[in-house]
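A.B. asks: Construct the entire structure; sequences and hints are all you get.
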Amino acid sequence: MTMTNHQLLALLKDNLGLPLTPELAADICLAADHLATLVPAEDIQQIEPARHGGLVFSVERIEGITDEIEPLHRAHWAETEEYRHELPFNPDYDTFIRYERAGRYVLFTLRSEMRLLGNCALYLDKSAHTQTLIATEDTLYLLPEARKGRVANCFVAYVENAMRLLGVSEINISVKTVNKAERFFRLLGYRHVENGLTKILEVEKCSAKLPEPGPLTGQAAMRNAALVREMAGVARDQRASEKNRAPLVARWSRMPADSTPPNARKEGPEKRRRMSRVVLMARWSRTSGH
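In the UniProt record's numbering, the protein residues as written are 1 to 290.
Quick caveat, the hints were computed from the structure, so don't treat them as lab data. Using N, Cα and C, we set each Cβ at its ideal position, and we do this for glycine too. Among these hints, one or two may not hold up.
Stated by the list, open to error - Below, a list of computed lysine to aspartate or glutamate pairs in the EDC-like style, where the Cα atoms sit at most 20 angstroms apart:
#	residue 1	residue 2
1	K180	E82
2	K176	E79
3	K126	E42
4	K13	E23
5	K199	E63
6	K180	E81
7	K176	E81
8	K126	D43
9	K176	E86
10	K126	E137
11	K148	E182
12	K199	D138
13	K148	E113
14	K180	D138
15	K176	E194
16	K180	E145
17	K126	E160
18	K13	E42
19	K199	E81
20	K13	D27
21	K176	D138
22	K180	E79
23	K176	E137
24	K126	D138
25	K126	E82
26	K176	E48
27	K180	E137
28	K148	E79
29	K199	E82
30	K199	E86
31	K180	E194
Stated by the list, open to error - Distance ranges between label pairs, derived from CB positions:
#	residue 1	residue 2	range
32	E170	P40	16 to 26 angstroms
33	A181	R74	16 to 26 angstroms
34	T217	N172	41 to 51 angstroms
35	V228	I28	52 to 62 angstroms
36	Y190	Q219	27 to 37 angstroms
37	E81	C29	28 to 38 angstroms
38	A250	T217	28 to 38 angstroms
39	N172	T66	24 to 34 angstroms
40	N172	D43	50 to 60 angstroms
C.D. replies: Next comes the structure, spelled out in structure tokens:
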């Protein structure tokens, strides 16, 4: 969905016609990287923490806990992302922070005595199809020690209530096949509406030269030969048709305006000219096979 960068437009408008100084160039670069705010920070700040036994659910800013949350992300990667372990684990926290500042990324945490035991992060966007706010899960992970009783159920319910407060009408969650997360979310009212597939492209194969195609054999060779014969026949028929049409085209181009067929001499001049061309067109059509 296209987003207008009002900050950049305002900066360019204010400095229209002025010399480009190093300071202005730096301001333009910063403004160009600016994401338009989707959900105001004050709206997100209205989400109050909640307690569940000795646990605390709350909204936190990833900008302030990057070092603390990295081990949790690494544990999540090790447990559920085995299918892509050949790729490097290298989270881009600057991008998370950029989206967070624009009200497009919300991080929920689960703590016990200040110790971080789990998190759920959602991207927020406005649907181009419904023009309503949608939330897409980026990560949802609890350490094994936090997976007791109804902790996970209550944590997800807390996240859902927060999304309602922000005006979100739809939550999209992806689940891995290595655990029972799908069954868990079905029990919470989530529906199975699509299947996702992933293929990891091996770098060495991507950069390698494509192999030369081998000779066709068997049925493939027979189909190829038949196609070649058919194309040759079409070309031959087209050449013959053009050869037969050539004299008629030449005669038509040389025909005087008052030339008429014998059975049209009693008609008016304009009608006779039309009939002459109709006769030639009929002959042309027969020779061209139409």
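A.B. asks: For the pair supplied as a hint, K176 and E48, confirm whether the alpha-carbon distance does not exceed 20 angstroms.
C.D. replies: Answer violated: K176 to E48 is near 30 angstroms, above 20 angstroms.
A.B. asks: Given the hint that K126 pairs with D138, test it: the Cα-Cα distance must not exceed 20 angstroms.
C.D. replies: holds (16 angstroms)
A.B. asks: Has the given pair, K126 with E42, been kept, meaning a C-alpha gap of at most 20 angstroms?
C.D. replies: This hinted pair holds, its Cα atoms lying about 19 angstroms apart.
A.B. asks: Given the hinted pair K13 and E42, is their Cα-Cα distance within 20 angstroms?
C.D. replies: violated (29 angstroms)
A.B. asks: Below or equal to 20 angstroms on CA atoms is what counts here, so check K180 against E194.
C.D. replies: holds (17 angstroms)
A.B. asks: For the pair supplied as a hint, K199 and E81, confirm whether the alpha-carbon distance does not exceed 20 angstroms.
C.D. replies: holds (13 angstroms)
A.B. asks: Take a quick look at whether K180 and E145 sit within 20 angstroms of each other, Cα to Cα.
C.D. replies: Satisfied, since the Cα-Cα distance of roughly 17 angstroms is no more than 20 angstroms.
A.B. asks: So the hint says 27 to 37 angstroms: do the beta-carbon atoms of Y190 and Q219 match that?
C.D. replies: Roughly 47 angstroms apart at Cβ, these two residues miss the hinted range, so it is violated.
A.B. asks: Could you tell me whether the CB distance from A181 to R74 stays inside 16 to 26 angstroms?
C.D. replies: holds (19 angstroms)
A.B. asks: Taken at face value, is the distance from the CA of E182 to the CA of K148 at most 20 angstroms?
C.D. replies: holds (18 angstroms)
A.B. asks: Against the 20 angstroms threshold, does the CA-CA distance of K180 and E81 hold or violate the hint?
C.D. replies: Distance ~14 angstroms between K180 and E81 Cα, so the pair holds.
A.B. asks: Keeping to a limit of 20 angstroms between CA atoms, is the pair of K176 and E137 held or broken?
C.D. replies: holds (13 angstroms)
Checked against the numbered hints above, the structure breaks hints 5, 18, 25, 26, 36, 38, 40 and satisfies the rest.
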